[in-house]
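Peer 1: One letter stands for each residue in the lines below.
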Amino acid sequence: MIELRSVTHAYGDRPVLHDLSLRLAERRIAILGGNGSGKSTLARLLNGLIVPTAGSVTVDGLDTRTEGRAVRQRVGFVFQNPDTQIVYPTVEEDIAFGLKARKLPKDEIARRVTGALERYGLDRYRHQPAHQMSGGEKQLLAIAGVLVLEPAYVIFDEPTTLLDLRNRRKVIELLRGLPQTVIVVTHDLDMVKDFDRALVLEDGRVVADGPPAETVPAYIERLG
Amino acid sequence: MLGLYLHRESAIHRLPAGAKLGGLLLVTIIVLALPGAWGALAAGLAGATVLVVAKLPIGRVLMELRAPVAMLTLLFGFQSLLAGGGWEETAVAIARFAALILLATLVTLTTRVMDMVDLFERLFGLLRPVGVNPAKMALMLALTIRFIPLLGEQVREVRMAQRARGVERNIAALFVPLLVKILTMADDLTAALEARGYDPADSGSQAATKNSTQR
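Protein chains in written order, with my numbering: chain A, 280 to 503; chain X, 2 to 216.
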């Protein structure tokens with residue numbers, strides 16, 4: 280479970296999140312909110328990419344402030360723009376990057392990479408340069424690069440924003456099939472309708488929290 | 002010359018990166034030591050053999066050579082004009098370097114970046130006593146190769162946006178948004194590296210610990 284206790288976060292003098300206390304234990308959680316509402320900051324706090332200015336975030340009891348590395352091994356993070364997440368020039372090499380960083384044995388890396396390529400339909404691109412792939416394929420590669428590490432939680436920061444309808448559907452299907460706890464920051468209200476929980480952020484505060492059937496209409500209403 | 006890896010099932014592709022780079026070094030020494038056109042001829046023949054055995058597309062490989070050969074022609078042409086010397090000498094010098102560039106291109110086309118990075122990581126390991134972090138150096142190499150085409154895309158994107166707004170050629174108008182994009186990209190990349198398990202404080206060599214069973 281991910282727990283936030285009285286979390287406040289500010290960039291310099293600009294406060295972004297105000298005194299948030301949350302327990303995230305559901306399997307599918309959406310974080311909704313307008314631009315600048317603090318949802319991406321919240322997502323980055325959840326795997327220790329940033330630490331709160333005040334308060335604490337724990338993942339299965341591990342504090343992100345002191346156990347950042349262990350937390351990131353449990354919590355995968357998929358960024359909005361796959362281009363800045365892909366590190367190696369070819370597909371196969373990039374999927375192996377995180378596994379190598381964890382210093383896994385060579386044969387296990389090869390086995391996991393082959394499994395991921397097959398599972399996410401990237402097998403035919405195995406030796407292809409990533410920069411020659413379409414936006415949807417790059418997003419799948421970025422997701423595969425995170426999921427191959429087998430994290431217990433996966434956070435997606437606006438995973439469908441840059442995708443066309445076909446690739447959007449592909450990513451949504453993929454999210455639905457994941458056995459992990461999935462937390463999605465999104466504007467895509469259709470994607471979250473069957474989620475277990477949706478939080479609505481406004482000016483760094485949670486203004487609605489509950490099943491999407493209740494919170495999504497509340498969010499739309501607030502948007503005016 | 003940074004020509005990305007081109008996958009084929011061939012004996013050359015299967016050779017270890019160290020053997021290929023060692024071979025390249027050896028051929029370079031021989032080419033530079035042999036007098037006249039013999040060195041260029043030997044390297045050209047070696048290049049042609051590797052090209053065929055590695056089953057690489059000849060047209061694409063030769064395309065990779067166009068820009069460096071044009072540069073060499075300019076360079077040696079000017080040198081010949083300014084310092085004197087016959088055209089035969091200039092032609093031999095160009096042929097010699099073109100053949101070596103062909104061989105270097107073949108090494109990059111038949112070697113996965115990851116294998117090359119592993120090799121460099123081991124080589125950089127020799128510099129550890131003087132404070133060099135081999136893992137960081139190797140990652141820097143991989144990122145450079147990965148981000149060259151991406152930066153090219155960014156330049157094209159910014160230029161297109163400028164032209165759409167009626168600015169045809171303006172270095173400042175290109176430079177400022179490009180710099181902002183690159184800095185944003187660097188910021189996102191840092192976060193992504195961390196999110197994917199890369200630890201900048203970890204000075205241990207990945208190659209040295211690759212066979213460990215630690216998770």
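Treat the hints with care, as some may be off.
What the hints assert, rightly or not - Simulated restraints on C-beta separations:
id, chain 1, residue 1, chain 2, residue 2, range
1, X, H8, A, L502, 25 to 33 angstroms
2, A, E493, X, I149, 44 to 52 angstroms
3, A, T440, X, T191, 44 to 52 angstroms
As the list claims (entries may be wrong) - Over the 12 angstroms line for every Cβ pair with chain A, so calculated as not near, a few chain X residues:
id, residue
4, A20
5, G45
6, E65
7, A84
8, E89
9, L124
10, R129
Hint data in this document are derived by calculation from the structure and do not stem from the laboratory. All figures in this text were calculated on a predicted structure; none of them were measured in a lab. Idealized CB from N, CA, C, for every residue including glycine.
Peer 1: Any hints from earlier that this structure breaks? Give me their numbers in increasing order, please.
Peer 2: Of the numbered hints, 1 and 3 do not hold.
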